[in-house]
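**Student:** In case you want the letters, here they are:
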Amino acid sequence: MLHPLPHSPSYIDPIVSIETLTGGYNGESVLESVDLTISRGDFVGLVGPSGSGKTSLLKAILGTLDVYDGRVLVKGVDTSVRRPRVGYVPQLETIDWDFPVTVEEVVMMGCTMNFPLFPWATGAQRKSAAQMMENLGIYSLAKRHIRDLSGGQQQRIFLARALVGDQAILLLDEPTSGVDIKTRDDIMHLLHELNHQGITVIMTTHEINSVAAHLPRVVCLNGRIIADGPPSKVLTTEILTETYGGPMPVIHHNGMAIVVERPHRFGYHARKGEDQDSAGLEHQDIV
Amino acid sequence: MFEPFHYEFFVNGIVAAGLAGALTGLVGVYIVLRKMAYIGHGLSHAIFGGAVVSFVMSINFFLGASVWGFFSALLITLTARKRTIGADAAIGIVTTASFALGIAIISKYKTFTRSFDAALFGNVLGVSDGDLLALALVLSVTVFTVFVGYKLFLFTAFDSEVGRLYGVPTGWVDIMFSLILAATIVVSMQVLGVTLIAANVVIPPIIARMITNSFKRMILLSTIVGSINGIVGIYVSYYIDVASGATIVLVGSTLFVLALMYNTIRTRHHGIWSHFRKKPAITRIPFSSGRL
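First to last, the sequence lines map onto chains L and G. Quick note: the first sequence, position 70, residue 135 per my numbering, numbers continuous. Quick note: the second sequence, position 267, residue 269 per my numbering, numbers continuous.
To be clear, the hints were calculated from the coordinates, so they are not data collected in a lab. Among the clues, some could well be false.
[Said to hold, decoys possible] Taking lysine to aspartate or glutamate and the DMTMM-like style, the derived pairs with C-alpha atoms no more than 25 Å apart in a straight line are: (1) L:K247 x L:E258; (2) G:K37 x L:D293; (3) G:K37 x L:E258.
[What the hints assert, rightly or not] Stretch-level coverage of chain L by chain G, calculated; a stretch enters the list once three of its residues show a Cβ under 8 Å from a Cβ in chain G: (4) 120 to 131; (5) 188 to 194.
Where a beta carbon is used, it is the ideal one built from N, C-alpha and C, also for glycine.
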């Protein structure tokens, strides 16, 4: 059960406007004619296969993607004119956990560009970092090495770094990738809490059933936007099949869309000599 | 014990070794944490080519080798950004070509009066006041740069890609450090020798890393270890009559082994105590169903 209060983005106040964006790297387009408007207070999940442009879309919002056509506005300012101040949380797998750095030092990195050529953090920056660590429940771990923390606590370090500069937008690249079920649950609760405090959350994920299905808004992406809306409307067999380019049967259970992961022929049912359709999937459930 | 200090060349040498050790130790922290250790090895060989060319063209050694080193560093940094080439291949191409050029010129002009043994392996006898001044100057500039840009260096070393997304000019930071490394190699060449500088860039930071988990303390410790390493190395080289660069690296290697032993004992000690801690009960479920 996620946050009990209803999610209420302000639809009259777009915080990110992506207008017919075509962009990529080294002259090769990854995104083609993408139109997307994200309102203040939105909580958006980007789903799609690997290489579909999910991370590139985050980079477009951060102003680091090569834009070939169209434009990206963050808080009304074109990202090609001024790079926006947006909180970004990378995939935990990309972090060098052996790097000699404490929790507090990582959180303070979020303030690096406030006074870049000043070796010490200012009093206000330290206070802000301490407050953020307190809010996220990691203040007591401030002097510990980052490797000494649990998966959920480690994710909180990078959330704190992303939010320490009073950021209104939080971008997360697969925040639940490679973590156990409880940590995933903790992270999703925390993100919903932050969202209900007014922070706009945009995250990529590969986990449709356990993550995307619980978000207020899902965008299916594969180089272009295939679908955009609430999970009940977007997570259908047709849309996901088009997004992933392969069969993605979806059943509905208690109002929730569930993508069925069908057992492979080389798995248990193959050994038993059963075919895939006898694995318990009722055709009439597929929507 | 204090006998060698009566000689001016030894005093010059020991001061130079202390400064060069501190400098390589300090620069090495960034190089090691950015996993650019190979660049130190490659760049020192590239600068050898520059040193030879500047000698042949009768250009001031520091000027010629520095300009050559800066361009090599820039070329490596820019080439490494090409996805299709990669940093290791870029270093391999640029530095070996430059080193080969130096060797080719030496073999062509056999009338050289100056020995390049000192440049290759280090020679404390050849340390002049100018060398000392250059070392002190580069060390001062490096300390100032690291101090002022501390936050930028930390973020870039920790996660360059994300640092860039946060607005950190990581490209400039990398170029800046490549240039500092080139300057470090040029001024340390007389003491350490181009073939052994790379070891001194790597060993002190690794020793420091084994002792501390803090970036700040690692910088401080690596600088101190590098300096002690240089001073002890020169002192020992005087008595055993071996090239200064080689002795410094051997002393550093010994310190590394000691630090490794300390680290292993500390970890094992921690492991021994864990045997006495109460272990949580494990729920064992037999695989009776046979269905996986």
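**Student:** Are the hints correct? Go through all of them and say.
**Tutor:** Structure-based check of each hint:
The straight-line distance between the Cα atoms of K247 (chain L) and E258 (chain L) is roughly 16 Å, inside the 25 Å bound, and the hint therefore holds. Between K37 (chain G) and D293 (chain L) the alpha-carbon distance is near 42 Å, which puts this suggested pair outside the 25 Å criterion. Of the pairs offered as hints, the one joining K37 (chain G) and E258 (chain L) is violated, with about 38 Å between alpha carbons and a cut-off of 25 Å exceeded. Here's how the segment 120 to 131 of chain L fares: 3 of its residues keep a CB closer than 8 Å to some CB of chain G, so the rule of at least three is met and the hint holds.
Coverage of the segment 188 to 194 of chain L by chain G is violated [criterion: at least 3 residues with CB-CB distance below 8 Å; count 0].
In summary, the numbered hints that this structure violates are 2, 3 and 5.
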